[in-house]
Amino acid sequence: MSLTDIIQLLVGGITIGSVYSLVALGFHIIFRSTGAINFATGEQVVLGGLLAVTFTTVLKLPLVAAFFGTVIIAGFIGLIYERLVIRPVLKFSELSIVISSIAVSIIMQNSMAVIWGKEHIVFPPFTSGNTVALAGAVVERQSFWIIGLAIATVIVLRLFFDFSLIGKYVKATLNNRVAAKLVGINTVRMVSLTFALAGGICAMAGVVVAPITYAGGAIGTMMALKGFVAAVVGGLSSSTGVVLGGIVFGVLEFLIAGFISSGYRDAIALFVLLVFLIVKPTGLFSSGTGWQGRS
Amino acid sequence: MRRYLVLVSLFLFVSSAFLVGQASGEYKIGNITTTTGPYSSMGVSNTEGIMMLVEKINKAGGINGEKIVILTEDHEGEASKALTIAKKMIYDDKVIGIIGATNTAGSMAVSRICNEARIPQVQLAPKPSTEPTKRYTFQNVPDNDIDAEAIAQFAVKELGLKKLAIFHDTNAYGTTGAESQEKVLKKMGIQVVVVEKYQQADRDVTASLLKIKNLGADGLIVWGTVNVPSIIAKDMKKLGMKLPFIGSTGVLSAKFIELGGDAANGCYATAVLNFGAPLPEEQDLFATTRAKYNKDPNYFTALGWDGLLLFKRALEMSKSKDPEKIRNALENIKNFPGTVGTYNMSPADHTGLSYKDIRIIQIKDGKPMAIKH
Chain A
161 MSLTDIIQLL VGGITIGSVY SLVALGFHII FRSTGAINFA TGEQVVLGGL
211 LAVTFTTVLK LPLVAAFFGT VIIAGFIGLI YERLVIRPVL KFSELSIVIS
261 SIAVSIIMQN SMAVIWGKEH IVFPPFTSGN TVALAGAVVE RQSFWIIGLA
311 IATVIVLRLF FDFSLIGKYV KATLNNRVAA KLVGINTVRM VSLTFALAGG
361 ICAMAGVVVA PITYAGGAIG TMMALKGFVA AVVGGLSSST GVVLGGIVFG
411 VLEFLIAGFI SSGYRDAIAL FVLLVFLIVK PTGLFSSGTG WQGRS
Chain B
2 MRRYLVLVSL FLFVSSAFLV GQASGEYKIG NITTTTGPYS SMGVSNTEGI
52 MMLVEKINKA GGINGEKIVI LTEDHEGEAS KALTIAKKMI YDDKVIGIIG
102 ATNTAGSMAV SRICNEARIP QVQLAPKPST EPTKRYTFQN VPDNDIDAEA
152 IAQFAVKELG LKKLAIFHDT NAYGTTGAES QEKVLKKMGI QVVVVEKYQQ
202 ADRDVTASLL KIKNLGADGL IVWGTVNVPS IIAKDMKKLG MKLPFIGSTG
252 VLSAKFIELG GDAANGCYAT AVLNFGAPLP EEQDLFATTR AKYNKDPNYF
302 TALGWDGLLL FKRALEMSKS KDPEKIRNAL ENIKNFPGTV GTYNMSPADH
352 TGLSYKDIRI IQIKDGKPMA IKH
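Chains as they are written, first to last, in this note's numbering: chain A, 161 to 455; chain B, 2 to 374.
Treat the hints loosely; a few may be bogus.
Quick partial rundown of chain B residues pointing at chain A, CB under 8 angstroms, derived from the structure [what the hints assert, rightly or not]:
(1) Ser41
(2) Asn228
(3) Leu260
(4) Phe287
No wet-lab data here; the hints were simulated from the structure.
In this text, a Cβ means the ideal position worked out from N, Cα and C, and glycines have one as well.
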């Protein structure tokens, strides 16, 4: 295993890790706003890819319009999801929310299979062209888009939460629900907004990774699992944590496949998850804000 | 007197149910396929092949004057579902034969029931070479051993490769296929440098390909189905790996070319149809498929078509609806040309094909083309 090979593995790991980061952000945002794990996250990722396919091939829109159209529609579906399925059970325990999200994931999976079929659909890379050489390794052009999008998302989210009024309202709601209500913030609407955000972010992940993984093909469960593991590894309640957790987990997957075995890769990766849950359940980078309760 | 009448009418009622089944004037054959699930593209093509042929046969008056009725059900690629469907078809629907299932795991489940219930079965997936021939189970798919032999002959004798790597799917087909491949290559004295595995959910195989490259392999044999082989081809292109890609029969399907895009060009694969230059016995299949679906048949269409063709031949030979007689007829089919190959069945060999029936295909400009060898 030469140095260029290791760099090649790192490139692949950071690329897929960036996707995991976005999915992990999806888990993180909903965890902060409801205290529950949203099991439909994976399907929201797949939905992104499929919507983009429809926008580009059926409606014949250019990529930029397709991308933003997908994100907006996915965000809207997130709002409907919260209003119809989550809000009625918010007053019950987190478990009720989890179970509802499982139901939604099954409904989404079947609906997508009915609308788009279960087959994989080819989605062209955002920019065509040869691979780029980087220190002896080859990087696909789509990798730059994936990593770039992840970085951009993190920056935009940070700006949103720290500098925009709505963002500050949401942040206040996530940090201390009671206090936010007391200062007059409509916390119900803010929770709703988190579902739109998470839906949009997951859809973005789905679009940007579709050129590599193909759109559709029922990979929702796999995406959700990997994204969730990444979130736990990084620290489910920390936004920096989940993003870094995604990168770490992606690189870990590739290094295990390269140095140990490709067949046992998933088994080893999930073993790592078990170890984390036992030894450091708050994750590597957790800032410890944790879950304040849904008063 | 009244009790006697009740018993007699009960007997007539019950026996008439059996008589209705026998005297219905049609041959009922079950088709256990996959229209959904990871193998759906294979199952859909299988069923297309069967239905095109049954239409042709019935339009020409059927067999011995009676029509064939196909009962199709979806086992979604799962062995347990295939088992349930087979039971229902045999005991409830009273089929006289079953074509199916689509994949190895499902076929093995169906084979268990068919051999218990003594109903002849033609499966459309290869059985593992370690499985013994079962009395009621036939297959029109070249065993993995046959496919592996054809691949080995091509790789070693035609391409002159000496250090081969094998990359296989972790499912039943891929695992048993890789075993057959290693066995065949060992017999030819060829060294296998490494055997890598992939899961169907994998979307990037860079790590495995780097290993294969570093061990100095001069050729890669891929045993798998569905979509990961196309990702292997794409990643090989990305890494600039020029070694020949030779796929097993499960690899070559419309989806491999469609998903692989430009990376599929130049790849080799085995197939049973002589794409680009259909042989005489294949031309009917090509013509019918082009007329009905405006596309070429693929390997799985041919499997379905031949599956029914074998039953047709057996029904003509046996002139009976007795499953036992049909089974005997199937076993006695000799020198019978189908689209997959020429069948020579025997008690020991229920496939009747040899490695000479396997064609080597290369993908050129997005189309599969048979290469002469």
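Hint check:
1. Ser41: Holds: closest Cβ of chain A sits about 6 angstroms from serine 41 of chain B, inside 8 angstroms.
2. Asn228: Given a least distance of 5 angstroms, the restraint on asparagine 228 of chain B holds.
3. Leu260: The hint holds - leucine 260 of chain B has a Cβ within 8 angstroms of chain A, the shortest such distance being about 6 angstroms.
4. Phe287: Violated: closest Cβ of chain A sits about 24 angstroms from phenylalanine 287 of chain B, beyond 8 angstroms.
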